[in-house]
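Go ahead and model the full structure; you've got the sequences and the hints to work with.
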Amino acid sequence: MDSLPAPSFATVPGAAAAAVSPEANVPDSGPAAAEPLQGETTRREKPARRETAESLATRQREISVSEFFTKNRHLLGFDNPQKALLTAIKEAVDNSLDACEEAGILPVLKAYIDQLAEDRFRIAVQDNGPGIVKSQIPRIFGKLLYGSKFHALKQARGQQGIGISAAGMYGLLTTGKSIAVTSRTGPGKPAHYYEIQIDTRKNAPQVITDAVVEWEPQHGTRVEIELVGTYKRGRHSVDDYIRQTAIANPHAEIFYNFPGGAGTLHFPRASDTLPPEPRAIKPHPYGVELGVLIRMLKETSARRLDLTLKRDFSRVSDRVAEEICAAADLRPSSNPHLIATHEAERLYKAINSVKVMSPPTNCLSPIGEEQILSGMKKEIPAAFFTAVSRPPAVYRGNPFLVEVGMAYGGELPGDELVDLLRFANRVPLQYQQSGCAITKAVLSIDWRSYGLSQSKGALPTGPLVLFVHIASVWVPFTSESKEAIAAYPEITRELRLALQDCGRRLSSHIRARRREVEEEKKRSYIERYIPHIGIALREILGMSKPAEQELVVTLKDVLERSRSRD
Amino acid sequence: MPRTKPAGRKPSKPESKTILTSIRDSADEIRRKILARKKPTMKFPVRSLANVRYHPQRGFFEIAGQKKERTLTVNTVKTFAQTLRMIALSKELVESDDIATKREAYYVSKNWEDARFTEQPESDTVMDDVEAFFGVNREQLGFIPEEKGGDVAGRLTVIDHDRDTGKELRIDCTKFGSGAYSIPISVEHLQYETDADFILVIETAGMFQRLVKHNYWKKANCILISMGGVPTRACRRFIRRLADFKRIPVFVFVDGDPYGITNIYRTLKVGSGNAAHLNEFFCVPQAKFLGITPKDIVDYKLPTHPLKDVDVKRARDAIKNDPFIRHHKDWISAIEYLVRMGVRAEQQALAKHGLNYVIDTYLPEKLKHPERFLP
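Protein chains in written order, with my numbering: chain A, 305 to 870; chain B, 34 to 408.
Each statement offered as a hint is correct.
Below, a list of computed lysine to aspartate or glutamate pairs in the EDC-like style, where the Cα atoms sit at most 16 Å apart:
1) K385/B with D332/B
2) K659/A with D622/A
3) K659/A with E626/A
4) K387/A with D423/A
5) K760/A with E720/A
6) K71/B with E854/A
7) K826/A with D147/B
8) K66/B with E852/A
9) K328/B with D363/B
10) K111/B with E831/A
11) K71/B with E864/A
12) K72/B with D861/A
13) K825/A with D147/B
14) K143/B with D157/B
Here are some of the chain A residues that sit facing chain B, going by a computed Cβ distance under 10 Å:
15) H836
16) R842
17) E854
Computed beta-carbon distance windows for the label pairs:
18) K826/A with K66/B: 20 to 26 Å
19) A69/B with S812/A: 39 to 45 Å
20) S215/B with K826/A: 46 to 52 Å
21) K826/A with F209/B: 56 to 62 Å
22) S848/A with L53/B: 16 to 22 Å
23) E313/B with S848/A: 38 to 44 Å
24) K66/B with K849/A: 16 to 22 Å
25) S366/B with S753/A: 48 to 54 Å
26) K50/B with K849/A: 26 to 32 Å
27) A816/A with D342/B: 40 to 46 Å
28) A816/A with D130/B: 54 to 60 Å
29) D750/A with D58/B: 55 to 61 Å
30) K66/B with S812/A: 37 to 43 Å
31) P339/B with S812/A: 53 to 59 Å
By construction, these hints were calculated from the structure, which means they are not laboratory data. Using N, Cα and C, we set each Cβ at its ideal position, and we do this for glycine too.
Right under this line is the structure:
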């Protein structure tokens with residue numbers, strides 16, 4: 305699949321439904337239901353006209369985006385109970401971290417998983433963020449595709465405004481229980497408690513409970529969802545996700561309670577510096593698709609085409625706007641609202657034929673080499689750490705950058721495949737490892753030249769944890785559940801460069817370590833074997849013990865000296 | 034334990050005194066070097082086929098003089114220590130007139146803590162080094178091999194001595210029935226009485242059995258000796274002393290394949306590359322190759338097996354690198370002929386013409402023309 309933003313899909317729920325309906329139709333709409341009947345009729349007589357446009361029209365109606373995702377919950381990461389539990393926690397944690405950072409607050413997160421029955425859990429995630437204004441709470445948690453991040457081209461964990469409401473919807477679907485939200489925006493403000501259900505037909509929130517409650521924290525938000533799930537440890541587990549989140553967010557302090565765990569797991573904060581605040585940017589002309597371009601022309605407040613280009617896009621100067629108009633054979637003074645579709649198409653081609661400066665990269669907020677190191681050092685028991693933060697680059701008009709960290713040796717197991725930790729905008733990616741650009745880039749490198757062993761087509765083997773982070777204003781995930789990153793050539797190239805850079809540092813460490821071991825071995829050789837030369841010579845020559853001792857001491861000294869000369 | 038001194042034994046023989054002296058001398062040289070704050074060294078002859086010369090007049094592989102010097106460094110300290118401890122063990126054995134097999138020596142090393150050997154081949158190599166270092170036979174150092182020497186039957190009386198009483202023992206090799214006399218590990222003290230016309234040395238125990246069972250030695254008036262594969266040092270020495278002593282010819286009857294020719298026969302006649310410093314004593318230069326020659330395969334229409342890749346490689350290697358084979362044009366052309374045919378024939382292949390064809394026809398016909406034997 306190409307990158308996510310299907311333009312019209314996103315703007316209004318109604319339009320979204322229209323955009324998806326062709327595929328969404330398949331499971332439940334008319335023709336499919338009529339199929340057995342059709343089989344019978346064809347056998348008896350000539351195929352009669354089965355449907356008319358009018359009869360079809362009686363069943364054609366809008367499908368709400370929530371209905372669509374109820375049926376296609378796998379697209380959002382709720383395809384199996386284990387993954388559902390993880391996704392629900394993840395959406396809540398991502399939102400909390402985004403909120404804290406946007407408000408400039410060092411995050412303190414508490415995540416709880418209570419097991420109520422074999423397959424029933426209540427999860428709760430609480431943050432010390434800015435809180436949410438009362439009037440917005442129902443829509444944020446009870447309406448899909450409602451949020452602050454979609455319209456801004458800005459680096460954030462969340463993108464579409466689907467995640468947390470989808471988690472609440474999944475909980476409602478599997479347990480009938482509402483999503484519960486407590487939020488407070490400041491010390492003088494009341495804390496609001498809401499129980500919300502999503503009306504899937506209307507994609508609108510239904511408030512079940514709305515109360516003002518006593519709440520200890522001065523500001524922050526707590527989300528609780530009851531859902532059917534499976535709690536497992538190990539790979540793909542919530543435990544792993546929390547730990548990796550702690551590694552990629554050393555500025556966050558996390559408390560974590562899990563079923564069967566003895567008390568609370570504490571992931572301390574390793575850095576008091578908040579990541580720099582990412583800035584929102586306007587879309588770069590190269591990253592805009594035809595549909596988006598047409599919409600932008602319709603919605604712009606500018607009266608002239610050249611002004612639209614300059615005002616609504618980044619990096620379009622007077623000269624560039626002029627060049628684009630000339631290449632598209634359109635007058636710069638044309639009214640953008642009156643540009644016809646075929647003209648827009650010319651404009652689209654023209655944009656891509658003109659040289660435009662790369663987009664600004666200050667919209668990115670890398671973790672930074674130092675922070676990656678401190679995050680890894682506090683959670684990974686390795687002996688050697690290194691990290692590389694690449695300068696920003698651009699794919700399809702979207703700025704991005706790649707960061708790689710490596711933790712090697714120490715207590716890490718040496719005979720297993722390396723542990724590959726993937727992150728996008730600081731969020732750990734747990735599933736679809738093999739389909740991800742990061743994995744592909746790792747596999748495309750010959751790790752044997754860096755001192756690791758590697759079977760053909762497999763990840764390298766060795767006591768290594770590989771940390772790979774991609775930060776972008778728009779991470780090109782291969783699906784809405786944000787599990788794998790699409791392999792744009794520009795992204796793959798940056799990944800390889802970062803991995804190779806780190807790999808070189810790793811290999812010089814490995815070589816140095818091997819030399820040390822060798823050195824140590826040789827030193828111990830002297831200690832171990834020289835006494836035997838003494839014993840043998842004493843036995844042959846019938847020497848006294850002190851004479852033997854003198855010989856041994858002298859010989860050790862002679863060898864040590866000659867060794868240090870080498 | 035083999036190292037305890039048996040009661041009532043005479044002190045060291047004069048030969049042992051020389052060994053003990055050279056052991057002490059070399060150890061003392063090392064000691065003095067250390068005290069002079071220099072790195073001690075030991076020089077060993079290189080033990081490989083690449084370091085031997087073939088002297089047709091003298092008739093054996095002679096060491097060509099390449100030596101490797103082992104200087105005591107961090108890298109060699111383990112082997113150095115092990116070599117010295119092996120020498121110390123040898124000194125103890127010689128002093129107490131005792132012996133240890135290669136395997137026993139390996140087990141003795143288990144007392145050496147860090148310097149012990151983990152596998153016997155390691156200790157064997159060190160033992161070979163020590164042997165080469167002193168340029169003596171390992172039996173003189175108190176080490177004896179594990180393997181059996183070979184079997185003897187026929188017109189020969191071996192004169193040995195009773196170990197307890199010192200009384201002479203006369204062993205008549207015609208009186209073993211369907212069995213045979215076993216060549217001891219050390220043969221230096223043996224004497225012989227024989228009126229045999231020749232010695233027939235045989236590769237396989239099977240063929241030996243057939244000839245013994247049918248008293249072939251009576252018919253041909255000879256001594257039969259079975260090597261059982263590549264001949265041991267004791268076997269070679271036994272044949273050499275016997276042949277020298279009575280000046281009787283030695284005929285060798287082995288499989289017609291590269292292994293029979295270039296390993297078994299070659300080692301019997303001129304010695305091995307590995308123990309080149311000792312070949313002078315452990316070789317039988319008067320040996321002649323009776324069969325099975327590559328020509329026999331054709332002449333006697335013997336059933337064959339195809340040569341394996343290793344056989345061909347062995348044959349080519351011998352033509353290229355073996356100084357003995359290279360010296361004899363007859364051998365080069367014979368081996369090339371064999372490779373061209375691409376086949377090999379075993380001794381037992383003669384059974385195709387009848388089980389006793391070898392006794393009734395093959396051997397008598399071959400023995401009529403000793404001049405046709407290969408060198």
